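**Q** With the hints as constraints, model all of the structure from the sequences given.
Chains as they are written, first to last, in our numbering: chain A, 1347 to 1523; chain B, 27 to 160.
Worth double-checking, as some hints may not be accurate.
Pairs of lysine-lysine residues, derived as DSS-like cross-links and limited to a Cα-Cα distance of at most 27 angstroms, are as follows [said to hold, decoys possible]:
(1) K1398/A to K1450/A
(2) K132/B to K1450/A
(3) K1454/A to K152/B
(4) K111/B to K1410/A
(5) K128/B to K1436/A
(6) K132/B to K1439/A
(7) K1450/A to K1478/A
(8) K111/B to K1454/A
(9) K128/B to K1450/A
(10) K152/B to K1517/A
(11) K1518/A to K128/B
(12) K1387/A to K128/B
(13) K1517/A to K138/B
(14) K1436/A to K159/B
(15) K1410/A to K1387/A
(16) K1464/A to K152/B
I should point out that these hints are in silico values taken from the structure, not numbers from a laboratory.
These numbers were taken from a predicted model, which means no experiment stands behind them.
If you want the building blocks of each chain, they are given just below.
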Amino acid sequence: MRRSRAGAKLGVAVFGVMIFGVIGGAVSAPVSAVELNADQKGAISTNCETIKQSIQQLTRADSKTRVYLGGAYENALTNFIVPLNLRLTKNNKPNPGLTSVQSKFAEKRQAFNTTYTKYMKQVEDLLAIDCKAEPESFYEQLQTTRASRATLQQTTLELNSLLHDHIDGVKKLRSGL
Amino acid sequence: MKWLKNDRNDEKAGEVKAGRMSFGARNLWILGAGAIVLAILTTSVSILIYHNSGDIYLDRSRPGYLPDEEEAADDRSSADSSEYKFSEMGEVNGEVLDEYIKEIEKVEEEVKSVSNPYPAGALSDKSLGIPEKK
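**A** Here's what the structure looks like:
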């Protein structure tokens, strides 16, 4: 009897702590590091739906770009870069420069997928925020999303540069034959 | 008197059926409920994996991200034309490399046709109609 009473008390105590924890978490307002002036808050609150629609249209365009560029990078790696290096190796003419570009390109291509996924997740989180009620949180997440987008842009530029380096390497190899 | 006994047996069987589910019917209910619970559980887990792995963001079959007509026509035309694939077998000479360079430069042109991928301006305050901080 004593054990069951003690057990019941413990259960109630744990349940009470859980409930308070949930309520506390729900009630406490998120601390935002962004300070907006009245004009900015008003503009975000008033044009919330329009801003979200613009962002959604942008993500559709970004998705098309991702498919287009991703396909081109995959084609370059699978149908050109890798087979060339394999053929060179089979002909006892391995080229360390081209091999190095291949591994960098493969790594960056993977980073492109990862960065794109991260960026889209940021956009999803951004669109989930109620910008009418929380303009500051929205703006903070917008800045995070911008940073992800900048990283994505940088990755595509690096991939383009690596592709160009590979072509230059092949031209040098051709001139040496 | 046999008919009276049979009637009494039938009455008892009826009482059993009215008051309590038979063994087979109960098991059938448990099986059905278990199958539904299992289906809900496995579907939830697969959706969670689909979302957390990031595949949802690469999936263009979801509403709003389906390819439009122009894009679908481009995909069909590129699928019809044979995609160049450099063979990993064979010798390496000037002729082979000349053809390789010619084909890979086409790929580079495709990539360059997207002149400014993911420009920062698209998400700027100005583009979204947010006044700048003064």
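**Q** Determine for every hint whether it applies to the structure shown.
**A** Hint check results:
1. Restraint check for K1398/A and K1450/A: not satisfied, since their Cα atoms lie roughly 37 angstroms apart, outside the 27 angstroms limit.
2. For the proposed pair K132/B and K1450/A, the alpha carbon gap of about 21 angstroms is at most 27 angstroms, so the pair holds.
3. The straight-line distance between the Cα atoms of K1454/A and K152/B is roughly 31 angstroms, outside the 27 angstroms bound, and the hint therefore fails.
4. Between the alpha carbons of K111/B and K1410/A the distance comes to roughly 24 angstroms, so the proposed pair stays at or under 27 angstroms and holds.
5. For the hint pairing K128/B with K1436/A, the CA-to-CA distance comes to about 22 angstroms; that is within 27 angstroms, so the pair holds.
6. Pair hint K132/B plus K1439/A holds up; C-alpha atoms about 25 angstroms apart against a cutoff of 27 angstroms.
7. Distance hint between K1450/A and K1478/A is unfulfilled; the C-alpha atoms sit about 44 angstroms from each other, more than 27 angstroms.
8. Taking the CA atoms of K111/B and K1454/A, the gap is about 21 angstroms. The hint holds against a cut of 27 angstroms.
9. A hinted pair counts as satisfied when its Cα atoms are at most 27 angstroms apart, and K128/B with K1450/A qualifies at roughly 23 angstroms.
10. For the given pair, K152/B sits about 44 angstroms from K1517/A by alpha-carbon distance, which is inconsistent with the 27 angstroms threshold.
11. With a CA separation close to 14 angstroms, the supplied pair K1518/A and K128/B stays within the 27 angstroms bound.
12. For the given pair, K1387/A sits about 54 angstroms from K128/B by alpha-carbon distance, which is inconsistent with the 27 angstroms threshold.
13. Simply put, K1517/A and K138/B have alpha-carbon atoms about 19 angstroms apart, close enough for the 27 angstroms limit, and the pair holds.
14. Between K1436/A and K159/B, the direct Cα distance comes to roughly 62 angstroms. Violation of the 27 angstroms bound is thereby established for this hinted pair.
15. For a cut-off of 27 angstroms, the pair hint linking K1410/A to K1387/A is broken: about 32 angstroms separates their Cα positions.
16. Restraint check for K1464/A and K152/B: the C-alpha separation of about 24 angstroms stays at or below 27 angstroms, so the hint holds.
The structure shown violates the earlier hints numbered 1, 3, 7, 10, 12, 14 and 15.
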